[in-house]
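Novice: Chains as they are written, first to last, in the numbering used here: chain A, 1 to 330; chain B, 1001 to 1177.
One thing to keep in mind: the hints can contain errors.
Unchecked claim - Partial list, computed: chain A residues near chain B (C-beta under 8 Å): (1) Ala69; (2) Pro87; (3) Leu113; (4) Trp297; (5) Gly298.
What the hints assert, rightly or not - Pairs of lysine to aspartate or glutamate, EDC-like flavour, derived with a Cα cap of 16 Å: (6) B:Lys1163 - B:Glu1031; (7) B:Lys1103 - B:Glu1062; (8) B:Lys1127 - B:Glu1034; (9) B:Lys1129 - B:Asp1040; (10) B:Lys1133 - A:Asp299; (11) B:Lys1028 - A:Asp299; (12) B:Lys1170 - B:Asp1066; (13) B:Lys1041 - B:Glu1131; (14) B:Lys1156 - B:Asp1108; (15) B:Lys1050 - B:Glu1031; (16) B:Lys1028 - A:Asp278; (17) B:Lys1127 - B:Glu1174; (18) B:Lys1078 - B:Glu1034; (19) B:Lys1070 - B:Asp1040; (20) B:Lys1091 - B:Asp1105; (21) B:Lys1089 - A:Glu275; (22) B:Lys1159 - B:Glu1148; (23) B:Lys1133 - A:Asp218; (24) A:Lys269 - A:Asp218; (25) B:Lys1070 - A:Asp299; (26) B:Lys1089 - A:Asp278.
If you're looking for bench data, these hints aren't it; they were derived computationally from the structure.
The structure presented is a predicted model; accordingly, all values stated were derived computationally and were not measured.
C-beta atoms are modelled at their ideal positions from N, C-alpha and C, and glycine is treated no differently.
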Amino acid sequence: MIRARGPAARAAGLLLAASLLLAASLLPVASARAEPAREAVVTVQLGNAVEVVDLATRTVARRIPVDGAPAGIALSPDRRRAYVTRPEGHGLAVIDLDAGRVTAEVPLPGGPLGIAADPRGGTVYVADWYGTRLFVLVERDGALALDGEIAVGASPSGIAVSPDGATLYVANREADTVSVVDARARRETAVIPVGQHPFGITLDPAAGRAYTANVTGDDVSVIDLTTAREIGRVPTGRRPYVVALAAGRGFVTNQYANSVTAFDLATLKPLAEIEVGDHPEGIAADPETGRLYVADWGDNALTVIDARTLKTVSEIPVGNGPRAFGDFLR
Amino acid sequence: MKKITLATAAMAALVAVTAQAHGPTRRKTAESIEINAPADKVFKVAADWKDAGWMQGVTKTETQGDDPAKSKRTLTLKSGNTMVQTGGKYKPDDRLFMFYIDKVDVKDLPANDYSGTITVEPQGDAKSKVEWKAAFYRGYMNNDPPAELNDENSEKAVKAWMKQSLENLKAKVEKGS
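Same shape as in the complex, but just chain A (with noise of 0.2 Å):
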């Protein structure tokens, strides 16, 4: 089969490659999770560690020392493995989450800040937040190491990636835009303006939409995947940082407000302001549950929400500077 040569051989590959590639695309990756998420697993940044809370007991159940301001967070398709960006430390943890232990470091230069996995696994997308790249870190024989970049626009911040792994949506802070970028190629492939200075980026693929949170511009821009365009703005609290999405309605912690923007999903328009700590930063969402987890930065602490009443459930204090920067929850 390997060895096979000419040019029906050829075809025959490609078309296989090709049904492989179909199948992949149809497969149900972020919902793939059916049942609660059992942890949060929590970036504290001026506590230098990573934190895996238990969210039936509401108490940290594991505290893993990470240098170099951890801030932002991915986690493998199997949910086993943390990737996590240290930018004082210039580079990447990765940490085992049962054992509860950073098994690889991985240097890069700039300020690696956003950070995002291919739901297929394998591959793992840094921002620089000082420069206009992605870096793209590949594993090979279980350790993940650098192998490109890809040129986007400045200072860029969330990353966002399709649930097939083909194409990435990232959140140029310093750009006002989005870059569209094919991950096959690592090439750009459209640029979408958006409000002042994105910040997190949150994908609805069923509905084929991204939300950005325009921190500067205290609102959120609502793209359109198909056409990449801009086709809606959300108003919010003062600095929005990231959006989540769940129950039909979107949420936007408010780092100045304290708050938190429900605003529903179909209508674009705000439903309610909720209440929780100092400067929330990062928020997730669990689609099993309607629960919210949003980190408070100032109040060391992680509030819970309900989606569907818009209310505050219950509030688990954290170390030191919470950011949860991405996908956090397993």
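On the provided structure of chain A, position chain B as indicated by the hints.
Specialist: Below, chain B without anything else, positioned relative to chain A:
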């Protein structure tokens, strides 16, 4: 000549744009002080939108709008530079005032994207406690900061500014002015 002016303007614009990014790690610090005066009286001075004279180094307050929850004010400093603040929250019932520093020279205060929250709690009828929490990024915007503008020294300088300001507030209120 005109070309040079345009080029200079373009360069200034470029600098202004690139200068907006900040360090990757927001810092936090807090200071508090006990004042021998009732809480309402202390809050009135601390949150006086038209007079920020108790903040260390401030020689003049000029307001652009009257709403301490969202207007801007320009404070002239001893150095001759200005500090521009925007009101964030003003809740007299909770004795809470929140403000942001939009613009300050790092030589005057090595901080970017500074936000401060001041609360006044009664300690009996005649005493009160002022708490001031702050969040900010270090003075140096870019990677690998010089020592004087790194996280540690920026934090030290911001903390000292807040501490001195609170002492000024205490002196002003207790003097009864």
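Novice: Does each hint hold? Answer for all of them.
Specialist: Hints, verified against the model:
A hinted interface residue such as alanine 69 of chain A counts as satisfied when its beta carbon comes closer than 8 Å to some beta carbon of chain B; here the least separation is about 4 Å, so the hint holds. Annotation: proline 87 of chain A was flagged as interfacial toward chain B, and the flag holds, the nearest CB pair being 4 Å apart, inside 8 Å. With a least beta-carbon distance of about 6 Å to chain B, the hint placing leucine 113 of chain A at the interface is held under the 8 Å criterion. Against a cut-off of 8 Å between C-beta atoms, the interface hint on tryptophan 297 of chain A holds, since the closest Cβ of chain B lies about 7 Å away.
With a least beta-carbon distance of about 6 Å to chain B, the hint placing glycine 298 of chain A at the interface is held under the 8 Å criterion. For the hint pairing lysine 1163 of chain B with glutamate 1031 of chain B, the CA-to-CA distance comes to about 6 Å; that is within 16 Å, so the pair holds. Restraint check: the Cα-Cα separation between lysine 1103 of chain B and glutamate 1062 of chain B comes to about 14 Å, which is no more than 16 Å; the hinted pair holds. Restraint check: the Cα-Cα separation between lysine 1127 of chain B and glutamate 1034 of chain B comes to about 7 Å, which is no more than 16 Å; the hinted pair holds.
For the given pair, lysine 1129 of chain B sits about 11 Å from aspartate 1040 of chain B by alpha-carbon distance, which is consistent with the 16 Å threshold. For the given pair, lysine 1133 of chain B sits about 11 Å from aspartate 299 of chain A by alpha-carbon distance, which is consistent with the 16 Å threshold. At most 16 Å may separate the alpha-carbon atoms for a hinted pair to count; lysine 1028 of chain B and aspartate 299 of chain A meet this at roughly 10 Å. For the suggested pair lysine 1170 of chain B and aspartate 1066 of chain B, the alpha carbons sit about 25 Å apart, so the restraint of at most 16 Å is broken.
Using a Cα cut-off of 16 Å, the hinted pair lysine 1041 of chain B and glutamate 1131 of chain B holds, with the two alpha carbons roughly 15 Å apart. For a cut-off of 16 Å, the pair hint linking lysine 1156 of chain B to aspartate 1108 of chain B stands: about 13 Å separates their Cα positions. A C-alpha spacing of about 23 Å is found between lysine 1050 of chain B and glutamate 1031 of chain B, which places the hinted pair above 16 Å, so the restraint is violated. Restraint check for lysine 1028 of chain B and aspartate 278 of chain A: the C-alpha separation of about 11 Å stays at or below 16 Å, so the hint holds.
For the given pair, lysine 1127 of chain B sits about 10 Å from glutamate 1174 of chain B by alpha-carbon distance, which is consistent with the 16 Å threshold. For the hint pairing lysine 1078 of chain B with glutamate 1034 of chain B, the CA-to-CA distance comes to about 26 Å; that exceeds 16 Å, so the pair is violated. Under the criterion of a C-alpha separation no larger than 16 Å, the hint pairing lysine 1070 of chain B with aspartate 1040 of chain B is inconsistent with the structure, at around 21 Å. Straight-line distance between C-alpha atoms of lysine 1091 of chain B and aspartate 1105 of chain B comes to about 29 Å, which puts the hinted pair past the 16 Å bound.
Restraint check for lysine 1089 of chain B and glutamate 275 of chain A: satisfied, since their Cα atoms lie roughly 14 Å apart, inside the 16 Å limit. Only pairs whose Cα atoms come within 16 Å are accepted, and lysine 1159 of chain B paired with glutamate 1148 of chain B is accepted, the gap being roughly 14 Å. In summary, the hint linking lysine 1133 of chain B to aspartate 218 of chain A is not supported, as the alpha carbons are separated by about 23 Å, beyond the 16 Å threshold. Among the hinted pairs, lysine 269 of chain A with aspartate 218 of chain A is consistent with the structure: their alpha-carbon atoms are about 14 Å apart, no more than 16 Å.
At most 16 Å may separate the alpha-carbon atoms for a hinted pair to count; lysine 1070 of chain B and aspartate 299 of chain A exceed this at roughly 23 Å. As the CA atoms of lysine 1089 of chain B and aspartate 278 of chain A are separated by approximately 13 Å, the hinted pair is consistent with the 16 Å bound.
Of the hints listed earlier, those the structure fails to meet are numbers 12, 15, 18, 19, 20, 23, 25, in rising order.
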